[in-house]
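Numbering-wise (our numbering), the sequence shown opens with residue 4 and increments by one.
It is worth saying that the hints were derived from the structure and are not from the lab. The structure displayed is predicted, hence computed values, not measured ones. Among the hints, erroneous ones may be present.
[Claimed, not checked] When the alpha-carbon atoms are kept at most 27 Å apart in a straight line, the in silico DSS-like pairs for lysine-lysine are as follows: (1) K110 with K176; (2) K110 with K130; (3) K134 with K110.
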Amino acid sequence: MKRILFMFLFLFACVLTVRAEELATYKAGGRRVWTVDGIDSAFRWCPPGTFMMGSPSNEAGRDNDEKQHEVTLTHDFWRLETEVTQAMWQSVMGDKMNENGDKKNEKGSQDPVDLVSWMECDEFCRKLASKLGMTVSLAMEAQWEYACRAGTTTACAGDLDQMGWYRNNCGGKTHPVGQKQPNAWGLYDMYGNVWEWCQNWYGENYYAEFANERPDRPF
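Work out the full structure: start from the sequences and follow the hints.
Laid out in structure tokens, this is it:
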């Protein structure tokens, strides 16, 4: 039986095999740690389920491309507890250079990776797959939103200032991961700090046109 690990760097996922008898031990938000080159990475389990993706037309701050629709994810997955850190990125990629050959702004080992392209994230996934012996890919947008909502239906699962770094409280910079309150499934920084890449492409009518197109499978 296949399991999916989601790490958000920007987003990527690992598919791996877990013994069937282990399945009963996990509940939504269950925690498990994998080690990559000496870097411990904690993951939270996200069960299969159905949720309303997008936002209602009367929600404050919504965009026109957020058409609300029901989505069913038939596969469970694991998601990294935090955004991918500088330490994890460096352990896999071996440096702190972006695709233009420039050094990334100097940050602490627990700061989230930023200034990376989709292609760089894809390369990270492939290298990580080689190290873990697993198939790795970016997450689909439906999987990301499902994990972010963690069973809730509102724009934010709690007090935004308590759950995320954003324009009003970040001081114009990123912050070390895991400093704010997690959501109901133990996931941190879902409401800010850095933007995150997804596997599927962006389109103004994507929600309407592809609502039922294998939302938890990129290929």
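Against the earlier hints, flag every one the structure doesn't satisfy and list their numbers going up.
none
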